[in-house]
Amino acid sequence: MTRTLSRMVLVAGLAMAGGGAVLADAPPMMMPPYILRPEPPAGDRLKAGGDGKVLFEVHCGYCHLVGGMGTNLLTKQRMMMGETPDKGLLANRTDLTADYVKSVVRMGKGAMPAQTKVDVTEAELEAVSKYLGKAG
Amino acid sequence: MKLHLPPRVSPKTFDAMLAASAKVVGKDWVMASDADRDAYSDVYAPGSSEEWPAGAAIAPASVEEVCAIVRLANEHKTPLWPVARGKNLGYGTAAPRMAGSIVLDLGRMNRILELDSKLSYCVVEPGVGFFDLYEAIQRAKAPLWLSVPGNAWGSVLGNALDHGIGYTSYGLHARNLCGIEAVLPDGDLVRTGMGAMEGNPAWHLFPFSYGPTFDLAFTQSNLGVVTKAGVWLQPAPETSLEIVWDIPNEEDIAWVIDTIAPLKISGLIDQNVFVPSWLGKMVLKGQRKDFWDKPGAIPEWRVQELLKQYKLGYWQVALRLYGEEPVVKARAEVVKAAMKRHLDAAPAEHWWRTGDPIGQYETTMGVPSAVPLQMSDWIGGRGAHMGFSPVVPATGTHVMDQLKRSRKIIADHDVDFYASFTIGGRFANNINMLMYDRDQPEMVANMRRLFDALISETAKAGYAEYRTHLGWMDPVADTFGFNNQALRRMTEKVKNALDPNGIVAPGKQGIWPAAYAAQRAGNVGGKA
Chain P
134 MTRTLSRMVL VAGLAMAGGG AVLADAPPMM MPPYILRPEP PAGDRLKAGG
184 DGKVLFEVHC GYCHLVGGMG TNLLTKQRMM MGETPDKGLL ANRTDLTADY
234 VKSVVRMGKG AMPAQTKVDV TEAELEAVSK YLGKAG
Chain H
5 MKLHLPPRVS PKTFDAMLAA SAKVVGKDWV MASDADRDAY SDVYAPGSSE
55 EWPAGAAIAP ASVEEVCAIV RLANEHKTPL WPVARGKNLG YGTAAPRMAG
105 SIVLDLGRMN RILELDSKLS YCVVEPGVGF FDLYEAIQRA KAPLWLSVPG
155 NAWGSVLGNA LDHGIGYTSY GLHARNLCGI EAVLPDGDLV RTGMGAMEGN
205 PAWHLFPFSY GPTFDLAFTQ SNLGVVTKAG VWLQPAPETS LEIVWDIPNE
255 EDIAWVIDTI APLKISGLID QNVFVPSWLG KMVLKGQRKD FWDKPGAIPE
305 WRVQELLKQY KLGYWQVALR LYGEEPVVKA RAEVVKAAMK RHLDAAPAEH
355 WWRTGDPIGQ YETTMGVPSA VPLQMSDWIG GRGAHMGFSP VVPATGTHVM
405 DQLKRSRKII ADHDVDFYAS FTIGGRFANN INMLMYDRDQ PEMVANMRRL
455 FDALISETAK AGYAEYRTHL GWMDPVADTF GFNNQALRRM TEKVKNALDP
505 NGIVAPGKQG IWPAAYAAQR AGNVGGKA
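First to last, the sequence lines map onto chains P and H.
Here our numbering = 1-based position in the first sequence + 133.
Here our numbering = 1-based position in the second sequence + 4.
Check before you lean on any hint, since a few could be wrong.
Looking from chain P toward chain H, a few residues come up when the C-beta cut is under 8 Å (computed) [to be verified]: (1) M164; (2) G200; (3) A244.
Calculated from the structure, these hints are not laboratory results.
These figures come from a predicted structure and were not determined experimentally.
Even glycine gets a Cβ: it sits at the ideal position worked out from N, Cα and C.
So here's chain P without its partners, still in its complex pose (with noise of 0.2 Å):
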């Protein structure tokens, strides 16, 4: 992807874009580093009882970090909803119930497949599901 490719793709993640509002390019200096993931817990991934935060962001973080493909999509949709960008992040939001996360998880939602097992295993959703459904 070029530079200036890689610009609109971040602008389109974090301008406005509401109702048929068009897109206008960015200052380069806007691209956000990379961020590097946690390294996955060692041990055994069917055990329960794990760092639903270290979870998520391994598992998960491919999309859902700041900049990622998810994160773009998401803040579009919540800002044409009224919402402030920050709620593109899913650790920022405080309307998801557990039930729902494991629901999208394994059913897919829109742009995002559904993840196997292999992706992450029962026990891993359910720590991802208990941190990300602040709404019980």
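Put chain H on the given structure of chain P with help from the hints.
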């Protein structure tokens, strides 16, 4: 998704295979619920994902477990469909070619076995993703760069084994493979190249075997299950310079190719140069309906308006040079002078020097990102894409010939034209991105007809695809007709000798074992 059994396999035998496999990998790593089958389906399927349904999935954690599962599959006559991480989006995701095949998900085999900065290579298992390897390199502060594909969510080995391409000097990913370990279809284990000698330290350094060299025979292949391989990496350069030209007109692609390809062939440019058309930029600016809200292709007058409005060229060349600063400067002067003979406008230039931060979307600097998949949002709904990907000689004449033909066929089907050419040296990969909403049946049906037409008309002109979706593996294989399909006949002889039960990936790239020869014409092309 309901259970589809492989041909001639009873429910009892299928269950016995799963039960026996659970004893090898553990019951949690045998996945056979309806939801599991959905998770291993083609998320971008042009039509129902039940056309290419997995029967179940099994996830081994070691080469020993792979050997054991392959032996069990022979015993029960249950075919396997190996995937590295199963993220082959646009080409079938993790789904198998033949209904009921058991996906052999190698995602748990995700160890980085070696990372060598001195000789610039690594040895990895199939479950290692581009993100994983990139982060291991960062943590080790190793002076190494990756070459990543547009969608880097997937596996380093999986992408190379499927002939994926990237946009750095190491962009021809299958060429970076050196020294492969593979489980053969009978459960035997083989190592290619110098690895055929126990403990040989040159296994992942010298690219040939003593005798025939089989490394590439395991790519786009069903001759074995690759369980580890060496991958050559780019030494981190001291500096890098990106030079960006907006190319105004569609027909300019001819001189662009004739200018850049000779410099690539001579070695002055070492990058795989990616030249996308304007729509590649627009898909990330919003949704299609923001720019054109009617069905059918965006008309040419509106295209011209959009180019003007957004100050876009029809094409963009963002060429990157790597190396010591004086060398990069000298090379840049040669490239700029060559381009200036056709285009007066000065290019934009972006220098990077060791120690400077690298942005998250710098694909040409080997940073992995899944962000290009945002293009699925362009159409809206359950957006998806397939790539029609012929290879052409890297000359203006060939490229224009291909461009005009595919442009007309795509226009005749009333679909937006989104092409790119990646100049890999003496050839260019022409990728035509076809985007659709999976929930609009007529749009999907039109895409399938279009795909059929593109393959057959392109083959008549003498060009072929380098890679394709599951549903077109046979039609594309049919286009390689020299001497009554001699290459396919030879490969199938080898396949039958190595895999008498046809256990490993039947139908992959149109290679069918005798055991499943009757399946050859099933679920193919626009008619499926």
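Now the hints, each set against the structure:
1. M164: Interface hint status for P/M164: holds (3 Å vs cutoff 8 Å).
2. G200: Holds: closest Cβ of chain H sits about 5 Å from P/G200, inside 8 Å.
3. A244: Holds: closest Cβ of chain H sits about 5 Å from P/A244, inside 8 Å.
In the structure shown, no violation is registered for any of the earlier numbered hints.
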